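Use these hints to put chain E onto chain W, whose structure you have.
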Amino acid sequence: MAIDIGQFVQTFFEESFEGLDVMEAGLLALQPGAAADLEQINTIFRAAHSIKGGSGTFGFQDVTRFTHLMETLLDGMREGRMSVTGEAVNTLLESVDCLREMLVAARENAQIDDARVQELRERLTQLLERKDTASAGESEPAAAAAPPPVQASGWRIAFRPHPQLMHSGNDPVRMFRELAELGELAVRLDASQLPRLAELKPEDCYLAWELELLGAAPREAVADVFAWVEGDCELSIEPLAEAPAAPAEVADSTAKPPPAGPAAGPATGEEGGQQGELLLERRKGEDRRRGDRRTSMTSVDSGSIRVGIDKVDAVINLVGELVTTQSMLSALGEDFDMSRIDKLHEALDQLDRNTRMLPVSSVFSRFPRMVHDISGKLGKQIELRINGEQTELDKTVIEKIGDPLVHLIRNSLDHGLETPDERARADKPETGVITLDAYHKSGSIFIEVGDDGRGLNREALLRKGLDNGLLRAGEDYSDEQIYELIFHPGLSTAKQISDVSGRGVGMDVVRRNIQDVGGSIQIASRPGKGTRITICLPLTLAILDGQLVSIGQDCYIIPLLSIIESVQIRAGEVNRIPGRGEILRFRGQPLPILRLYEMFGAEGAVTDLEKGLLVVVEADGRQVGLFVDDLQGQQQVSIKSLEKNFRRVAGVAGATILGDGRVGLILDISGLIRTNNAAI
Amino acid sequence: MAKILVVDDSASMRQMVEFTLKEAGHQVMVAEDGQAALGLAKGSGADLVITDVNMPNMDGITLIRELRNLPTYKFTPILTLTTESTTEKKMEGKDAGATGWIVKPFNPEKLLATVNKVLG
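Top line first, the protein sequences correspond to chains W and E. Counting from 1, position 334 in the first sequence corresponds to residue 334 in the numbering used here; the numbering is continuous, with no gaps. Counting from 1, position 89 in the second sequence corresponds to residue 769 in the numbering used here; the numbering is continuous, with no gaps.
Be aware that a few hints might be false.
[As the list claims (entries may be wrong)] Here are the computed lysine to any residue pairs in the SDA-like style, where the Cα-Cα straight-line distance is at most 20 Å:
hint, chain 1, residue 1, chain 2, residue 2
1, E, 797, W, 224
2, E, 790, W, 227
3, E, 754, W, 175
4, W, 640, W, 328
5, E, 702, W, 5
6, E, 790, W, 5
7, E, 790, W, 110
8, E, 790, W, 175
9, E, 797, W, 184
10, E, 702, W, 6
11, W, 529, W, 640
[What the hints assert, rightly or not] Ranges between beta-carbon positions, derived for each pair:
hint, chain 1, residue 1, chain 2, residue 2, range
12, W, 516, E, 683, 52 to 62 Å
13, E, 754, W, 318, 23 to 33 Å
14, W, 97, E, 683, 40 to 50 Å
[What the hints assert, rightly or not] Rough simulated footprint, nothing fancy, chain W against chain E, three-plus residues with beta-carbon under 8 Å:
hint, region
15, 686-699
16, 722-736
17, 749-761
18, 785-793
Hints listed in this document are in silico derivations from the structure and should not be mistaken for laboratory results. These figures come from a predicted structure and were not determined experimentally. Just so you know, even glycine gets a beta-carbon here, dropped at the ideal spot from N, CA and C.
One chain only, chain E, in its complex shape:
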């Protein structure tokens, strides 16, 4: 069981990811934008962060950069949720320090497979 922080401004996406991860026995924290996520992340540790890229207030790219500046999140796996299958968009997240990405649309099985890939 891991502690996972899920960040997405879309409620349906958030619910879906949260539900799937909880079903798999993980502990889940959710935030609706980067700013809220950063607050949560600072308050308690997470074993994995899954974040959308396009969000109001603070987007996913900024969130990743901020997280990587925190000592406790230096090596924490961070996955971006992206609809872009083009290299350019994926790389934007990587350049900010993301570990990898999950391309939308995805089904619960694919989500869990990807999550298991980064949880040591």
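Same shape as in the complex, but just chain W:
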């Protein structure tokens, strides 16, 4: 039967990449020189083992051979034959990288860097040979030193099972049936050891057999039939033609004389005892590992399914349709009972959001390695503490926050944290700490990157801000206002600042990336104590709660979350300030007014400020008043990309289909505020 196993290759790749991540995380957690953490090594070993097993089955022999070396080394560590040295761990880490490349190349049918593979193979082999030549020898499955095949007309087989043979689930009858497929089989039963009924233990085997197999079956094929019962029986296999009628010769060195009774001989008994002890040892090991697991396990594997993103998108589209239909129906009449469809919608929405959610660990998992590598290069001692990596975020957001987080952590590594000497002088522990926390709070996801380093240099930032004209001399600025400067493009790209303050290049880009996924970023710092950057992200990007507003003939949507309040403007409240546009004195603060109809060129809109409404919105800590004709209802809208279907429009985050079938544009509040600032 031909079975195509190609269909499982994709699963193999997916689980192998996951396995590599597990190996990497495990290796990073190993403490070279310290007592080997058995459970940790076991976890790494199992991952390597699975990759090896799968790669062989799916035909990636290079991967199998390479993984075998890693696995042998890990096995040595696991059994205490090899010590866990920094060198071994680093070599294994590099091997993980190399293996990842090999798998990527295998998946994409691409070429790999053979020299690199070869170099690592040699280094692994060297490590193996240093402590243990025996296990390195296993590297190629030994094709058992088989004697040259004997041409025989058949085989005479003496088979005398030990009483316990059946306890392993083996059955002589099945074995004979298999032998019979190799040639003509004659079986002679020896029942001489059968005890009297009263003494007979029904589960033991008392019988023995003499078999003659006629035919050209090779010796290995015959031996193979008995491979599983080696050690559970007395067995001799002799060629028929070579020893026609010389029973003396049958008893060659491999065949022991048949036992006189059920006791199989002292040798076997002792062996059994030793094995018993070995098993006991293993048991202890396992118990310990289980104990460790309870206390040290930080990430619980949650059962998960893999769903193709196209399918998820299909569900999202359906939910979008449903939302649209729902608003159409509700437009039909107030008396229509919406509760059923509401419930359905809620359920679908929940399912759909959940399917798109991924734990942030998929991003966080790369950081232990990064911190390990970079801190080594910088000569700093740094510990990375991760919390809440099971917190879930929309896949799209996850994909976008990787780079900003890398940037923030690099900043902490490079500039925020001091060298051990500096820390000692400042009476701080020599090992610096970077924390990475993720948590869920009031409908948003927060990710915090903190360090206990030197903190931002307020004075230098203040000076720089004054020099650049971003701050005005003589005014009193809060810490927040000053730290905020690091996100300013003009300042953050200035080389000097990054030298003095320890932060800089590209922080404006970090903020823009976060804003692009609807998030915001905030900074807090204390001199000598450290810096903490907090990123606030939306749970999902697919659906938002919107406030519908009308401008002329058109309907626009303002994300409900960004709205502070809506006010009516009375005559004389607005000042026109040259260069800064129209300003409303709002709760003691100047509030810039943005006439949306002007921006979007809407016709027939209200132009008299006193006749319309001002919606006060906030993004990135700044407020602006959006001037609209009137407010309409509030509803959930499903976001369709305008960029994909039309083109990017400044100030517009996307579009949606309204209840009456019209298209409504969703306003991009941070974008509007940015444009407004740039215009001034």
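Chain E in isolation, oriented as in the chain W frame:
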């Protein structure tokens, strides 16, 4: 047709074995570690158990020992999936009570041949 319990922590291996056995007309139950397998085994009988050795939570060796302690699994054929062709590793399974082994890598034909060997 036999009822076969397949235990492996690797999804691709599990799928491959399950698919192959089902194609051959067998009824297949799958578990991703020894603990899950033991639960399944206790819940319903199996004519054959095929298990990986290295698994989290409960490894294959422990599973075999546990199964052999159950009256209904005393003589049930149990095969280990092992990448080790060395005697030592194969024997580890045997000592725990395994019937035999299938050495990885294997192709579907080899798997079915081995399975047929132990199904009476």
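- Task: Tell me, in ascending order, the numbers of any earlier hints that this structure violates.
- Result: The structure conflicts with hints 7, 11 and 13, although it agrees with all the remaining ones.
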